[in-house]
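Student: Chain by chain, the residues run as shown.
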Amino acid sequence: MTNIPPIINPQSGLPPVISPPPVATGFSTTSPIADLSYRTYNGPVRKHFLRWWIVAIYTFRRARRSPWFWILTGISGISYLFHMFAYYLTNNLAQAGMPTAAMGTEGTVPGTFFSAMDGNLNSYCLMGIALLLGAGSIAADNRANALIIYLSRSITRSDYLLGKWFGQFLALYMVATIPSLLMFIMFALAYTSQGFFVHNPWLIVHILLAALAPAVLLSSLVTGISAWSKSSFSSGAIFFSLYFITGVLANIIAFAIYNHAPQTLYLVRHFSISGMIDAISQRIFNIPLSNGFGRGGMDDIPPILFRYTLPPVLILSLFSLFMARIRIKAVEVVSG
Amino acid sequence: MNVASVSHLTVKYGPRIVISDLSLTIPEGCVGLLGPNGAGKTTIIKTMLGFVKPASGSGELLGLNVEKDGLAIRQLVGLMPEMDCHIPGINAVTFVAYAGELNGIPAAYSLSRAHEVLEYCGLGEARYRNVETYSTGMLQKIKLAQALVHGPKLLFLDEPTNGLDPAGRDEMLALIKDISHGKGVNVIVSSHLLPDIERVCDEVIVLKDGAVGAQGSIASLKHLDGTQVEVELREESQRFVEAMVRSGAKQMRSNSTLSRWQIDGELSHVAAMVFSAAVESRAQVRSLQQAERSMEDIFMNAVEKESAA
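Residue numbers (this note's numbering), protein chains in the order written: chain A, -16 to 319; chain B, 998 to 1306.
Calculated directly from the structure, the hints in this document are not laboratory data.
Watch out, some of these pointers could steer you wrong.
Here are the simulated lysine-lysine pairs, DSBU-like style, with alpha carbons at most 30 Å apart [as the list claims (entries may be wrong)]: (1) B/Lys1050 <-> A/Lys213; (2) B/Lys1150 <-> A/Lys312; (3) A/Lys213 <-> B/Lys1247; (4) B/Lys1247 <-> A/Lys30; (5) B/Lys1180 <-> A/Lys213; (6) A/Lys213 <-> B/Lys1150; (7) B/Lys1219 <-> A/Lys312; (8) A/Lys30 <-> B/Lys1150; (9) B/Lys1009 <-> A/Lys30; (10) B/Lys1247 <-> A/Lys312.
Quick partial rundown of chain A residues pointing at chain B, CB under 7 Å, derived from the structure [claimed, not checked]: (11) Tyr21; (12) Thr23; (13) Gly26; (14) Leu33; (15) Asn128; (16) Ile311; (17) Val316.
By construction, the Cβ of each residue, glycine as well, lies at the ideal position given by its N, Cα and C atoms.
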C-alpha cells in the first residue's frame, strides 16, 4: 500500500507547505554543466588597447561564413585567370614575331595586373562584396538595438567603428590582393628567365598599394551609409545607386564635353567611385589612359596625377567615417 | 559602503529637463529604483554608464568618476537594457561569448564562461539556437546572461520582467535574488512593478519627476509608528467599532469588514483588547494581524508628496 501524505499537518493543523523547485541555484544532474551556481569571473582580462580588433575579427568571420562572399571571390578569381591567359597569348604572339599592339595594356605585365585588378568584372565583385558585408554591418545592429550591447562594454564608439570598418576593409583587401599575389607568383615562375624581376622590380609593392584604394573607399562609404540606416536593404540600395549613378553621370558629362577639353574629360570621367579607384590604380601601375569611347588615339596620355585623385578619395572616406561616428550612439535621445 | 552616488545631477534632453538637481546615494546590495513611467529611472542608468552627458552635477560608480572613467566603469558593470536587443545573426553562445570578449576576456575563457552563464540563466540547449528565434522570455534571459558574462561587480537591470508570463517572471526574479544575495554582485533593479521590487530588493529609491520621493530599506519604509493591527470581521459591525473606540483604539482606515487600528501597548495587550471588543459587540473576528505599510502605500505616498510639493 502506498503512503499518501496527510492533507493536514496534525501538529500545526495547517496544510503541508510545498516548496517550489529550486531555480538554477545549485548542482544539477541533468545539465552538462554540473555546477549551475553563479560564480564571478576571476580569469585574465585583456587590456583595452585592441578591443576594436575583436569587433574587426568578428566582422571578418561573418564575411567568411557567407556563401556569397566565396562565390564573388571565385568570380573575381576568374578575372585573373582570363588576364593571365590573355598575357600568355600576347607574349607568345610577340615571341613569334606577330604584331601585339591591338592587345593594348594586356601586352605589358603592369597592364595585365591593372586590367585584372581594376577590370569591370573584378570591380563589380569588389563592389558586391562591399555591399554584402557592409550594407548590414551597422544597419543590422541599429535594427536589433545591438549598439547598446556593444557600448555598455568597455569599448568606445571609435573602437566599434574602427572594428566594423577594418573587418570589411580586411575582407576586401584580401579579395583584391590574394589573387594578384598568386598571379604574381605564377608570372615569377613563368617569366623570370625573360627578366620579369628586372623589368618589374616594384610590381609587388604596386599590387599591394593598388588594392588599398578600392578596399579603403568602398569599406568607408558603405560603413558610413550603413550607420545611418536601420535596414540592410535600404543602405545597400543607396550604396549600389551611388556606385552606379556616379559612374554613369561621370561618363555622360565626359561624353558631352568630348573633343572640347580632353584633359578635363579625363578628370571628369574618373570623377565617380569606380573612376577614382581606377585612376589611382592607373597611376600606381603607370598605365597610359584610354579614352574609353572606342575612338582610339589617346593612349599616350599619362595617367591622372595623385594630387587630383587621392584627396577626393581620402576626403570621401574620412567624411563617410566621420558621419558614421556621429550616428553611432548607445541610446537614442529624443530631444524636446 | 555606497556603490553609486550622484550629486546635484541635472540631465536635459534638448530643452526638456529630465532630472533636476538630483542627489542620491545607492548602497550595496540589491536596490530597487521605483517610479512611474518618465520618472527618470532609465535616465539615471544611462547617465551613470556615460550614455547621456549630464548638463551639470557629478556622479561616482564603484569609486570611479562617471564622466572621466567611462571605460573602467563599463568593465565593472553589467547592463540588462529594457529594450529588446541582441547582436543579429548569431546563436546565443556566440553572442554571449562575443560580449565577454568585448569586455577583454580571452576567447577560450569567454566561450566557456558563456556556456556556464547561459546554463545558469536557464537557456539550456536553446543556447545553440539563433537569438532571432527566441521568445520574449528567452530574450530577457539572454540579456541577463550577456550582462553577467564578464563577472560584473554591479548589475543594472532595467525592467527585467517586462513581457514575461508569470512562470517566466518567477524564474527571472529567482535568478535576480540568487545573484544579488551572497554572490558579491550589487544589483540595481529599475522597475515600476512594486511586487517585483519587494520580492528581490533590500532597499528602494522612489523617483518622481527626476527627484527622490523616498529612500530606505524596505523594512524601514514599511514600518509604522506605534502598534497597528488589521482586523477582519465576518460581518461589518458598528458596535465593534464603538467598543474599540471606547477601549482607546484609533481607527486608521476602514474598508467594509476590514479595518486598521492604532493602539498603544504591546501586541499581546492589543490582541486581548480586540478580542474583548469582539466579545462585547458579539462580532466574529476572522483575522488579526500586525499591520505594515504596503509597497503601494510607500509608492503612492512618495509620488503624492512630490506632486504636492
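Student: Give me the numbers of the hints this structure contradicts, sorted from smallest to largest.
Tutor: Hints 3, 4, 5, 6, 7, 9, 10, 14, 16 contradicted; others consistent.
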